[in-house]
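Quick mapping for you: the protein sequence lines, in order, are chains A and B.
Those letters in the first sequence? Residues 1 to 489, per the numbering used here, in order.
Those letters in the second sequence? Residues 1 to 486, per the numbering used here, in order.
Hint data in this document are derived by calculation from the structure and do not stem from the laboratory.
Be careful, since some hints might not be right.
Residues from chain B shown here face chain A by an in silico Cβ test under 8 Å; the list is partial [stated by the list, open to error]:
hint, residue
1, L58
2, D61
3, A64
4, S65
5, S68
6, D69
7, V136
8, M169
9, A170
10, A181
11, V268
12, V271
Taking CB as the label site, the calculated pair distances span [said to hold, decoys possible]:
hint, chain 1, residue 1, chain 2, residue 2, range
13, B, Q63, A, H62, 27 to 37 Å
14, B, L352, A, W409, 53 to 63 Å
15, A, S171, B, A15, 20 to 30 Å
16, A, L206, B, Q63, 49 to 59 Å
17, B, A15, A, P226, 24 to 34 Å
18, A, I275, B, Q395, 51 to 61 Å
19, A, W409, B, P218, 23 to 33 Å
20, B, L23, A, S171, 53 to 63 Å
21, B, P218, A, H62, 50 to 60 Å
22, A, I279, B, A405, 53 to 63 Å
23, A, D478, B, L23, 20 to 30 Å
24, B, D61, A, D478, 22 to 32 Å
Even for Gly, the Cβ is constructed at its ideal location relative to N, Cα and C.
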Amino acid sequence: VRIQTPHVDWLTLSPELSLLAAGAVCLLLAVLVPASWRRHLGAFVALAGFVTAGIFAGVVYHRTTDAVLEVGDAVARDRYAMFGALVVCGSGVLAAFVSYAHRMRDAFVAEYYALLATAGAGMCFLLQAHNLMTLFLGLEWFSIALYVICAIDMELEPSLEAGLKYLVIGSFGSAALLFGSALVYGATGQLEFARIAANANPHDPLLLAGLAMMLVGLGYKASAAPFHQWTPDVYQGSPTPVTAFMSAATKATALLLMLRVLRVAFPQEAHLWTIVVAILAITSLAIGNLAALVQRNVKRMLAYSSISQAGFMLIPIAANNALGARALLYYLVPYSAASVGAFGVVAARERELGRPVTLDNLSGMGWERPFLGVAMWIFMLGFAGFPITGVFVGKFYAFSAAYERDWIWLMIIGIAASLVSLYYYLGVVRAMYFRTPAELQLLPAGGSPPREVALQIGVGLALAVTVGSFFAVQPLIDLGRHAARSLVF
Amino acid sequence: MTDWLPTILVFLPVAGALALLVLPLGRFATASFALLVSLVEVGLWIEALTRFDFSRGLQFDQQASWFSDLHVSYHVGMFGFSLWLVGLTVVVMAASIAYAFLAGRERPRAYYGLMLLLTGAVVGVFCAQDLLLFYVMFEVMLIPLYVLVGVWGGAGRLRATFKLVAYTMAGSLLMLVAIIAFGLTQGTFDLVDSGTSSSTWIFLGFAAAFAVKAPLFPFHGWLPDAYREAPPEVSAVLSGVVSKVAAYGFLRIAIPKFPGPTHDFRTVLLVLGAVGLVYGSMLAFRAPDVRGVIAYSSLAQMGLITLGLFAANDLGFDGAVLQMVNHGLISATMFLLAGAIERRTATGDFVLLGGLARGRPALATVLITTGVIALAVPGSGAFAGEFLVLAGVFQQHWVYGVVGAVAIVLAAMYMLRLISAVLHRDVGPAVSDAALDLRTAELAIVVPLVAALLALSAWPAAVSNHSFPSRGATPAVTQDFREASR
């Protein structure tokens, strides 16, 4: 029996292939290389993998002017996916720098980097997914890698708890997505997104139920409220570099995928899903911001902040216009950088103190560690929407997209959420600068802080992207505009 | 070259701030460097002043695209009135930095870096000719203020910063809504290219931000805490310069871009201004400490400036601009003097002060001169400004003229109360013989400010006749300005 195999365009898959290769090399390192080298080599290989994947993504972006479907119409070769892959690879590079400084048991360190690279590969693949099979495959691919990596600090109970919670609740989300996909397939008889749109009967209850369940599944991955319950525990319990990577790359992937699926597969139902996404945005803004107000643990606070940031990024998806797509693509760049950077600073403090970072034991950090302090200060002000980082421009675009759609109420809710968020973002600044350790009668940690060149480089790069995107709006928006064209606006 | 002047004025201090962040300078070198940068700013401003053609509108115009799909650009330039406000900013900032040099602030690199950043942001607000750029500068201004009050402020600084941020951000986020709505409806965010709008909501968004920042009654809840808890030189900047940003916003954006809503809400804003003027004056009369008097008199003066702005005639506009410059210099001088007094006596409470004039002639002379100008004695610059404002607003309704006249009497009362409580009466318990007269260095900071005030008293028309473009013989400011600012 001769099975017909589809033509494979290897260049299309080059980002995920290079990351998989990096992952494989890391696994070999784990068995072939002396334990003392694994940490350095593993970090280097993962870094090289993310850089190579990013370069390939850039090449594919450059060479692909019109979107085409490859590999039996299962994956898309378009600028939209490649823009997303660049964000993922950028987050991966930053996460590799942050991870290198993290105190980790040498036993699993190479596996850690293998999983990191594999998760990145899964995300790149998912971003290209153009049918329901590749969608599910990609989702599970990166999720399973993340389930393991969350629990990699096996001797720490919170890490295990985080891994287990993420596994159980994440599986629920995946199940919802899979069930929804099955219903959509049942209603249309098609797997490929564009053909689903062509064969859909907009009044078919089966199709609508499938769409709703797919939205639930995607909402879980983007940690949009009310599907966010796993986020605070997992973000708090996971090793901080993993949290940094997840908060940036997973969210970017899930949001970009959400826009692609909704836009390409369900254009006829836009009148329904725009409302649903707007409601998700509002609940995320409300729950994320209000819960963040009362947190003392900084990682947990940042977890809720990431829920509220997801709310901001859902606004342009709900707007469903070209400006909105551009807004989302642009927003992801400074958001991802600031997110990895902020968790990186938390990781540094965690390492210095040897215990979880709370607002109280942040006190005086701004003066003790000037560079990390200034960086954290800028990340927090940026998240709060002060116009010194690209996050402000992203919010500005998001609100403009809502205004262009005549949803002024959505814009005003977003603005109100920004006002509330000031309290906890500035709370970090207040803790770092306005109060001294002496005032709180904390014992000094003693000794000089550890030298962490890699971490400082990572935070510095994140800072450069976060602030640089504020000045270089035009080139990024142009990239976003070309990328958004793949979705036919 | 001249087109670069606003850009250099904005970014030189920002570059200076970054340099301080990076360079490991010592305490003395840091302060000297910051002072040098602020003095270069003053020099650049004088250069701009000599090159400015007061018969024309927008000058030193420079534009570069920022993001083109929404028509947002980096666009800076100066009108006559912007030039005067930039001058006020650089002079007050230089004086404040010099004062901080003397007072010796802790953590000098961060402190002076933030002061320089603040200078750049405020100059940026006065030069911005693009709405989004205006918003950026308006917000960036808040960051150094927040930290300056929060780190170097008094015991109640956490509460003061919280109020400051909560109030002003509520206002400025409403302004962001208004900016997005205005810019997308107009198709451009450029202040020169965009036309006028008749939307009441958008106007109110802008008005809210400016009313909080000024502050106007009843949005002044943050004012007493911030002005009392901040270091004195930061209070000088807050009340001398930052409050003018709000008045400038009314003048540059709210009034010319929204002629219809301005007309509809004129009475409301005039009443708020008048109430603020009287209420602020009465609170200033009741305030128990030096800074309280200056803080509430600032509220009153912002009310007066609002009266001038919404008088909607040439007299009102001219008077408002003159009064902005006057009040900026007066309140900055007064806050720096309050700081000097607090350094000598460790208090600003009137009950603990008194009798400082005896044996301290320089302090007494400077304080009395400033106070007398502040209470608008005939012949002073403040008198000219208040007279123009009152004459302008009288044309709207005679009641406002009467309110303004009453407020001038109240101003005399609270200023004389301050002078007598500090300088005269019996020697207070906090005043010891060890409290010396103003030193030469302190005089070198305060005397130029007082000299500027005296110069404005001699020739107030330098500002009031050189703020708006005038064509030919008819100085029809209102119409010309509207056209020029389109």
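Against the structure, the hints come out as follows:
no.: 1; hint: L58; verdict: 23 Å, violated
no.: 2; hint: D61; verdict: 21 Å, violated
no.: 3; hint: A64; verdict: 10 Å, violated
no.: 4; hint: S65; verdict: 7 Å, holds
no.: 5; hint: S68; verdict: 6 Å, holds
no.: 6; hint: D69; verdict: 6 Å, holds
no.: 7; hint: V136; verdict: 4 Å, holds
no.: 8; hint: M169; verdict: 6 Å, holds
no.: 9; hint: A170; verdict: 6 Å, holds
no.: 10; hint: A181; verdict: 6 Å, holds
no.: 11; hint: V268; verdict: 22 Å, violated
no.: 12; hint: V271; verdict: 27 Å, violated
no.: 13; hint: B/Q63 with A/H62: 27 to 37 Å; verdict: 31 Å, holds
no.: 14; hint: B/L352 with A/W409: 53 to 63 Å; verdict: 54 Å, holds
no.: 15; hint: A/S171 with B/A15: 20 to 30 Å; verdict: 54 Å, violated
no.: 16; hint: A/L206 with B/Q63: 49 to 59 Å; verdict: 56 Å, holds
no.: 17; hint: B/A15 with A/P226: 24 to 34 Å; verdict: 48 Å, violated
no.: 18; hint: A/I275 with B/Q395: 51 to 61 Å; verdict: 53 Å, holds
no.: 19; hint: A/W409 with B/P218: 23 to 33 Å; verdict: 27 Å, holds
no.: 20; hint: B/L23 with A/S171: 53 to 63 Å; verdict: 54 Å, holds
no.: 21; hint: B/P218 with A/H62: 50 to 60 Å; verdict: 58 Å, holds
no.: 22; hint: A/I279 with B/A405: 53 to 63 Å; verdict: 57 Å, holds
no.: 23; hint: A/D478 with B/L23: 20 to 30 Å; verdict: 36 Å, violated
no.: 24; hint: B/D61 with A/D478: 22 to 32 Å; verdict: 26 Å, holds
Taken one by one, the earlier hints fail for this structure at numbers 1, 2, 3, 11, 12, 15, 17, 23, listed in ascending order.
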